[in-house]
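Following the hints, position chain V against chain W.
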Amino acid sequence: MDISENLGIVIDNAGKRFNGKTVFHNLSAVVHPSEFVGVIGPSGCGKSTLLKCINGLLQLDEGTVQVGEYILKAGERIQNGAGVGIRQKVGMVFQHLNLWSYKTALENIIEGPIYVKRMSKEEAIERAFVWAKQLGIEDHIQKYPSMLSGGQRQRVAIARAAIMEPEFLLLDEITSALDPVLAGEVTDILIQLKDKEHIGIVVVSHQIDFIRRYADRVCFLYEGGFKEEGDPQKILTEPQTPELRTFIESVRHGW
Amino acid sequence: MDIQAEALVTSMNYNWDFSVIWRYKGALLQGLLVSLELTIFCIVVGTVLSIPIAIILSRQTGFLKTSVNFGVEIIRALPILVLLVWAYYVMPVLVGFSLSAFWVSAWVLAINLAAFAADILRGSIVAIPREHTEAAEALGMTHNLVLRRIVIPEMFRRSLPGLTAMYITMFKFSTLASVISVWELLHSSDTVISFTYKPLEVYTAIAIIYIALIIPATYLSKALERHPLFAISPEEAEWISPKTLA
Chain W
1 MDISENLGIV
11 IDNAGKRFNG
21 KTVFHNLSAV
31 VHPSEFVGVI
41 GPSGCGKSTL
51 LKCINGLLQL
61 DEGTVQVGEY
71 ILKAGERIQN
81 GAGVGIRQKV
91 GMVFQHLNLW
101 SYKTALENII
111 EGPIYVKRMS
121 KEEAIERAFV
131 WAKQLGIEDH
141 IQKYPSMLSG
151 GQRQRVAIAR
161 AAIMEPEFLL
171 LDEITSALDP
181 VLAGEVTDIL
191 IQLKDKEHIG
201 IVVVSHQIDF
211 IRRYADRVCF
221 LYEGGFKEEG
231 DPQKILTEPQ
241 TPELRTFIES
251 VRHGW
Chain V
256 MDIQAEALVT
266 SMNYNWDFSV
276 IWRYKGALLQ
286 GLLVSLELTI
296 FCIVVGTVLS
306 IPIAIILSRQ
316 TGFLKTSVNF
326 GVEIIRALPI
336 LVLLVWAYYV
346 MPVLVGFSLS
356 AFWVSAWVLA
366 INLAAFAADI
376 LRGSIVAIPR
386 EHTEAAEALG
396 MTHNLVLRRI
406 VIPEMFRRSL
416 PGLTAMYITM
426 FKFSTLASVI
436 SVWELLHSSD
446 TVISFTYKPL
456 EVYTAIAIIY
466 IALIIPATYL
476 SKALERHPLF
486 AISPEEAEWI
496 SPKTLA
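Those protein sequences? They're chains W and V, same order as listed.
By the numbering used here, the letter at position 39 of the first sequence is numbered 39, and the numbering carries on one by one without gaps.
Take any residue in the second sequence, note its place counting from 1, add 255, and you have its number in the numbering used here.
Hint data in this document are derived by calculation from the structure and do not stem from the laboratory.
The model shown is predicted, which means the values in this text are computed figures rather than measured ones.
Please note that a few of the clues may not be correct.
[Claimed, not checked] Mimicking DSSO-like on lysine-lysine, the simulated pairs with C-alpha atoms at most 27 Å apart in a straight line are: (1) W/K89 x W/K194; (2) W/K194 x W/K133; (3) W/K103 x W/K117; (4) W/K103 x V/K477; (5) V/K477 x W/K143.
[As the list claims (entries may be wrong)] Calculated Cβ distances over 12 Å to all of chain V for the following chain W residues: (6) L7; (7) G20; (8) H25; (9) Q233; (10) T241; (11) L244.
The beta carbon of each residue, even a glycine, is placed where N, CA and C say it ideally should be.
Bound conformation, chain W alone (with noise of 0.2 Å):
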C-alpha cells in the first residue's frame, strides 16, 4: 500500500452551490482510514449534498477531493474518469437505499461485482452469500425490495456498497427510518465493517446519541461550513457554540 492510500479522504477547501446560493464553502477536512466520523447539521444545511460530493455523485465548484490516486477537481466532468474510480473505492448507501426494486435482493448485490469488478457470475453469488449470511438476510436473498421489511432492504444496501470492498463507505440518514432494536442491528454491523473490515464510515444523521456512542469524531455542519469538530464524547456534551448548542436541544425535544 502505498503513502498516498493511507491519506484517506481528504476534501480541501470544498465548494457547492445550487442555483448560485452556496451550500458549502471552505470545507476542509480529512477522513482517515478506518475512521468512523459523524457528520451533524440542520436540515437542509448540506449533509447529503456534501457525501455526494466526496464521492462525484455531485460535481464541487471550488476546490478538490481525492482518495489515493484520484483527484476530483472543481467544474470536472465526473461521469467517467476519477469520478468513477473515487466511487469504487468510496462505497455509498443512499437514505432511500436507492435498491433496483426490478431486481431481487441477490441481484441488487451481484450487479456491482459483476459489472464493475468483473467477477464470475458463481463467484459473486458465493460473495454475495456470504455478505447475506453476515448480515443476516440470507433466507430472504432471492425476494424482491418491496417483499422486505425496511431493516432488511437497509442491509440489502449495505451489503450491495460492502461487496465491493471499499475503503470506505458513505452512509446518509440511514437509522432515521428504523426503530431503536432495528437501528441497534444496523449500527453494529457498520461496527462490524470498521473493526473488521477496516473500512472507513462517514455518517450523515440527526441521531445524536448515536453519533455519540459510536463515531469517533463529529463534525457539525452550519451554515455553509463546519462550526465544531472532534471527539463526539466532549462536544456533543459540552459544545462550545451556541448554534451546536441550539442544535442538540432541538434534536432532543423533536423539534
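Using the frame of chain W, we list chain V on its own:
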C-alpha cells in the same frame, strides 16, 4: 363482388359453408405466415432503431436532437398507408433501385414503429428515478455501463404496456401490405375468395384468426405487467413524489 355480397347478406336463408376454409387452409396459413414475418421483422428492427432515437431525444441537445426530432415528426405525421405506397411507387424513381413489395412493407412498418416507439421509450427514460442511475454510479459504473445495465433495461420495463400495444397494432397494420400485393393473410384471403366465391366465410374466418391471436397476446402483456420485473413498486412511486425531492 360488392353487389354479390350484398345479395348474399340480404338473403336470410344463406347457407354458410365453412368447409372452404379447411379446403384452402394452406393458402391462408401461408398468408398468416407472411403476416407474422412482416410483424416480427417490424418489431425487431423497429425496436432496435427506436433505442438510439429515444436516447438522443431524451438526453442530447442541439443539432443532433433537432434533426432526429424532425425526422421522427415527419414519419409520425404520415399515414402509414401513404408512406407505404410512396415508398413502393415513388422511392424507386428517386433512389434508382427497388425492393420487393414484402421488404418495402417490412421496412415501412419498422420505421413507423421506430418513430412511435421512440416516443414511448423517451418518456420512460425521463421517468427513470434519478435514484436508480445514482445507485449504479455509486458502485463505480461508467456512463456507458449505466446506460447499458440500468437505463436501457429500465426503459423497456417502464415501456412494456405502451410497447406491447404498439406491437399488436403493427400486427394489425400488416394487413395494409395487401395494398401493394404482399401475400399476407388478408391478401391471400382475397385470392381464396376469388376461387370459392365465399367472401362471408373467408372474411369471418380471417376476423376470427386475428381475434384469436391478438386477445391472448393482450392478456399475456397484462400478466407480464403485474410481474415484479415490470410493476412499478410503491417505493419507486414515492421517490417520484415532490415530498422526496425537497
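Status of each hint after checking the structure:
1. W/K89 x W/K194: Holds. W/K89 to W/K194 sits at ~15 Å (cutoff 27 Å).
2. W/K194 x W/K133: holds, 18 Å
3. W/K103 x W/K117: holds, 19 Å
4. W/K103 x V/K477: Holds, because 20 Å separates the two Cα atoms, which is no more than 27 Å.
5. V/K477 x W/K143: Given pair V/K477, W/K143 holds - Cα atoms ~22 Å apart, limit 27 Å.
6. L7: holds, 20 Å
7. G20: holds, 19 Å
8. H25: Non-interface label stands for W/H25: nearest chain V Cβ at 23 Å, farther than 12 Å.
9. Q233: Answer for W/Q233: holds, closest chain V Cβ roughly 32 Å.
10. T241: Holds: least Cβ distance 27 Å, greater than 12 Å.
11. L244: holds, 25 Å
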